[in-house]
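Visitor: Sequence:
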Amino acid sequence: MKVSNADHIAHIEVRYAETDAMGIVHHSVYAVWFEQARTELLRTHGCPFHVLEQEGYASPVLKLETEFIAPCRYGDIADIHVTIAREDRLRCRFFYELSVNGKLCTKGSSLHLFTKNGMPCRKAPENFLKAFFPDELG
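Taking this note's numbering, the leading residue of the sequence shown gets 107, the next gets one more, and so forth.
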């Protein structure tokens, strides 16, 4: 696995609608927050996902893992630190660490495969490589 130097921290304010009857963030919300952090990482490093889609690329989720350490509650500001690594030529894994006021609350990862026009492609998109793994170009 090759880890990129690129990272990002997304800041998400917990909304009341994201909490359950116990007053904590419902487990299903974390996948949405991870997607937000992943999207921001791509955009801030010059590889917005909508541009990849315009070029025919997609990046479906193959696996999603979440470890719950401490709860998040309404009104908290969740800071999600996201990094990325290449598993192989077509698969990449995003790693997420969510904290509130410096306290680690949740860790997770998502594994993705690159496709082009609905089929697995021979290599990752060039602008993705340029943004995150420039030494793999050429």
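In case anyone wonders, no lab produced these hints; they're calculated from the structure.
All C-beta atoms, glycine included, are put in the ideal place defined by N, C-alpha and C.
Don't take each hint at face value.
What the hints assert, rightly or not - Computed Cβ-Cβ distance ranges for the label pairs, DEER-style:
hint: 1; residue 1: K229; residue 2: Y122; range: 25 to 31 angstroms
hint: 2; residue 1: N111; residue 2: I175; range: 25 to 31 angstroms
hint: 3; residue 1: G162; residue 2: D126; range: 37 to 43 angstroms
Visitor: So, for every hint listed, does it hold in this structure?
Guide: Quick rundown of the hints versus the structure:
| no. | hint | in the structure |
| --- | --- | --- |
| 1 | K229 to Y122: 25 to 31 angstroms | 44 angstroms, violated |
| 2 | N111 to I175: 25 to 31 angstroms | 26 angstroms, holds |
| 3 | G162 to D126: 37 to 43 angstroms | 39 angstroms, holds |
Going through the hint list in order, the structure does not satisfy hint 1, though it satisfies all others.
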